[in-house]
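Residue numbers (our numbering), protein chains in the order written: chain A, 8 to 226; chain B, 85 to 138; chain C, 258 to 487.
Think of the hints as simulated: they come from the structure by calculation, not from any bench.
One or more hints might be untrue.
Here are the simulated DSS-like pairs of lysine-lysine, each with C-alpha atoms no more than 25 Å apart in a straight line [as the list claims (entries may be wrong)]:
{"id": "1", "chain 1": "C", "residue 1": "K397", "chain 2": "C", "residue 2": "K472"}
{"id": "2", "chain 1": "C", "residue 1": "K397", "chain 2": "B", "residue 2": "K122"}
{"id": "3", "chain 1": "C", "residue 1": "K331", "chain 2": "C", "residue 2": "K474"}
{"id": "4", "chain 1": "C", "residue 1": "K261", "chain 2": "B", "residue 2": "K135"}
{"id": "5", "chain 1": "C", "residue 1": "K331", "chain 2": "C", "residue 2": "K268"}
{"id": "6", "chain 1": "C", "residue 1": "K478", "chain 2": "B", "residue 2": "K123"}
{"id": "7", "chain 1": "B", "residue 1": "K116", "chain 2": "C", "residue 2": "K397"}
{"id": "8", "chain 1": "C", "residue 1": "K261", "chain 2": "C", "residue 2": "K474"}
{"id": "9", "chain 1": "B", "residue 1": "K135", "chain 2": "B", "residue 2": "K123"}
{"id": "10", "chain 1": "C", "residue 1": "K474", "chain 2": "B", "residue 2": "K122"}
{"id": "11", "chain 1": "C", "residue 1": "K261", "chain 2": "B", "residue 2": "K122"}
{"id": "12", "chain 1": "C", "residue 1": "K341", "chain 2": "C", "residue 2": "K478"}
{"id": "13", "chain 1": "B", "residue 1": "K122", "chain 2": "C", "residue 2": "K472"}
{"id": "14", "chain 1": "B", "residue 1": "K123", "chain 2": "C", "residue 2": "K261"}
{"id": "15", "chain 1": "C", "residue 1": "K478", "chain 2": "B", "residue 2": "K135"}
{"id": "16", "chain 1": "B", "residue 1": "K135", "chain 2": "B", "residue 2": "K116"}
{"id": "17", "chain 1": "B", "residue 1": "K123", "chain 2": "C", "residue 2": "K397"}
Label-pair distances were calculated between CB atoms; the ranges are [stated by the list, open to error]:
{"id": "18", "chain 1": "C", "residue 1": "T364", "chain 2": "A", "residue 2": "P56", "range": "49 to 55 Å"}
{"id": "19", "chain 1": "A", "residue 1": "S54", "chain 2": "C", "residue 2": "T364", "range": "21 to 27 Å"}
{"id": "20", "chain 1": "A", "residue 1": "L47", "chain 2": "C", "residue 2": "D473", "range": "32 to 38 Å"}
{"id": "21", "chain 1": "A", "residue 1": "G200", "chain 2": "B", "residue 2": "V98", "range": "33 to 39 Å"}
{"id": "22", "chain 1": "A", "residue 1": "G200", "chain 2": "B", "residue 2": "N125", "range": "55 to 61 Å"}
{"id": "23", "chain 1": "A", "residue 1": "R184", "chain 2": "B", "residue 2": "G90", "range": "42 to 48 Å"}
{"id": "24", "chain 1": "A", "residue 1": "R161", "chain 2": "B", "residue 2": "N125", "range": "31 to 37 Å"}
{"id": "25", "chain 1": "B", "residue 1": "A104", "chain 2": "A", "residue 2": "I140", "range": "27 to 33 Å"}
{"id": "26", "chain 1": "C", "residue 1": "F270", "chain 2": "B", "residue 2": "K116", "range": "18 to 24 Å"}
Model, not experiment: these values are computed from the prediction.
In this text, a Cβ means the ideal position worked out from N, Cα and C, and glycines have one as well.
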Amino acid sequence: MVIKEIIYLMQKEFLLEWRQKHALGGIMLYLVSTIFICYLSFAGIMSVPTWNALFWIIIAFASLNLVLKSFADETSGRKLYLYTLATPSAIIFSKILINSIVMVVLGVLGFILFNLFMGNMAGGNFTYWLVLIIGVLGFSSILTMVSAIASQARNNFTLMAILGFPLILPLLLLLIRASLLAIEGASIKSVSGDLVVILLLVMISLTLSNILFPYLWKE
Amino acid sequence: MTEIHGKIYVVAMVLAIIFAGLAIFLFYIERKLDRMEKKINEMEEERESEKVRK
Amino acid sequence: MPNKTWNYTWKIFTIVLMLYVILGGLLFEVPALPVIHQTIRNIYFHVGMWFSMIFILFVGFLFSLAYLRTFDLKYDRMAFATVKTGLIFGFLGIITGMIWAQNTWGTYWVNDPKLNGAAVGILVYLAYLILRASLDDPEKRGRLAAVYKIFAFVIMFVFIMILPRISGPSIHPGVDGNPALATGDLDPMMRRVFFPAILGWILFSWWIYTVVERKDKINQKINQLNADQL
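Please take these sequences and the hints and turn them into a complete structure.
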């Protein structure tokens, strides 16, 4: 039953995203221009660790921007309508899923662009791709809940950054370390510890979102 | 003991007195809080009885 | 009034304990260690800050849970007071740690999971303050703040507990996943001060918390009385 609801809600989300292509395009443009700025300003002083750290910072900001609008669009009327139709669990899970999907797409595109501009340092590296995808899932699952909180308060962009950064900062450190290992040619086995921790975090934030979201939603 | 520490006991005493002083100050603040709580409770009761009279 | 006697008893006990810790911590013998030398005595004070902070913040986590269960604004006020108190101890812990690190490791900050965990914790609770400041309705403010606090606390807990275990050797003691407490390699001579120190600091931080909470309560009541008057 809940799964059915989630699927319906996701269809609705996809439709809305599709109708508001400019918003997604905005995030894409944000990604492109950040990468271009980095290309211009880091020309000639790029080492592998810098390359890696820069990539993750860009991805972190992009995910912050993307997830921010997942609740900002919900007007109070639409909220009430959703509330009468769906269970809170279905709503939050559909949001997390949709953010994860869009984030994976964005992460992959960003990675390709980054490799084009900044030099191909990890292009065909399977371990790196794995870290990238799992890391992006970590961002979206933690940030969706933060976005749900921030959307209910004033100054939501600033608030989103303030509330979200401390929570994704350790994740960022973990990802930078694991992906650097991947660039250096480590096998999947040697980064598996980090990946398991990230997956554990994803599970925990899903559970917490499921438990806590109803408290945000009731008005 | 003093050979190793070189009059460190003076510093220890000073720190102990500072801490004791701060603790006494905390007690003093708590007494003030007690008094404020009492006063506020009285004011609340007054309000209640006024409402009842009305 | 037994309640009142008890109230005084535990505070006097705390003071006596802390005086013992200060005197014993500075005067008792400590093992001779390279590099650290006498600064090992900091363990009674610096580590005490962390224990107090973690204790107070954990209590605050329970208050937030209680708020979401009952929606009694009393718990929201208590949770808020724990954050204020916890932040004081957190900052003291960071500052004392930096001074200690500068004088033994030669740098104010090392990139270490434990230090980063502490910094993240402080950032989370500062963010909590900002979140509260940007909401006006007390009921909604309490609700959102409690949700964020619980979410952040659990995620932070995972980081602080798991990260040191998997990220290899660390310069900071207590690597076995138990932040700051390295009882395994703590000299028995030092334990007679260390354990009372932890207990003393925790009791002391609780005392401070009660004062903060009472102040907030009085403030709240004054505001209420003023509002009724209008």
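Status of the hints after comparison with the structure:
{"no.": "1", "hint": "C/K397 x C/K472", "result": "holds, 22 Å"}
{"no.": "2", "hint": "C/K397 x B/K122", "result": "violated, 30 Å"}
{"no.": "3", "hint": "C/K331 x C/K474", "result": "holds, 9 Å"}
{"no.": "4", "hint": "C/K261 x B/K135", "result": "violated, 33 Å"}
{"no.": "5", "hint": "C/K331 x C/K268", "result": "holds, 24 Å"}
{"no.": "6", "hint": "C/K478 x B/K123", "result": "holds, 11 Å"}
{"no.": "7", "hint": "B/K116 x C/K397", "result": "violated, 32 Å"}
{"no.": "8", "hint": "C/K261 x C/K474", "result": "holds, 19 Å"}
{"no.": "9", "hint": "B/K135 x B/K123", "result": "holds, 19 Å"}
{"no.": "10", "hint": "C/K474 x B/K122", "result": "holds, 12 Å"}
{"no.": "11", "hint": "C/K261 x B/K122", "result": "holds, 15 Å"}
{"no.": "12", "hint": "C/K341 x C/K478", "result": "holds, 19 Å"}
{"no.": "13", "hint": "B/K122 x C/K472", "result": "holds, 13 Å"}
{"no.": "14", "hint": "B/K123 x C/K261", "result": "holds, 19 Å"}
{"no.": "15", "hint": "C/K478 x B/K135", "result": "holds, 17 Å"}
{"no.": "16", "hint": "B/K135 x B/K116", "result": "violated, 29 Å"}
{"no.": "17", "hint": "B/K123 x C/K397", "result": "violated, 30 Å"}
{"no.": "18", "hint": "C/T364 x A/P56: 49 to 55 Å", "result": "violated, 19 Å"}
{"no.": "19", "hint": "A/S54 x C/T364: 21 to 27 Å", "result": "holds, 22 Å"}
{"no.": "20", "hint": "A/L47 x C/D473: 32 to 38 Å", "result": "violated, 51 Å"}
{"no.": "21", "hint": "A/G200 x B/V98: 33 to 39 Å", "result": "violated, 49 Å"}
{"no.": "22", "hint": "A/G200 x B/N125: 55 to 61 Å", "result": "holds, 57 Å"}
{"no.": "23", "hint": "A/R184 x B/G90: 42 to 48 Å", "result": "holds, 46 Å"}
{"no.": "24", "hint": "A/R161 x B/N125: 31 to 37 Å", "result": "holds, 35 Å"}
{"no.": "25", "hint": "B/A104 x A/I140: 27 to 33 Å", "result": "violated, 59 Å"}
{"no.": "26", "hint": "C/F270 x B/K116: 18 to 24 Å", "result": "holds, 23 Å"}
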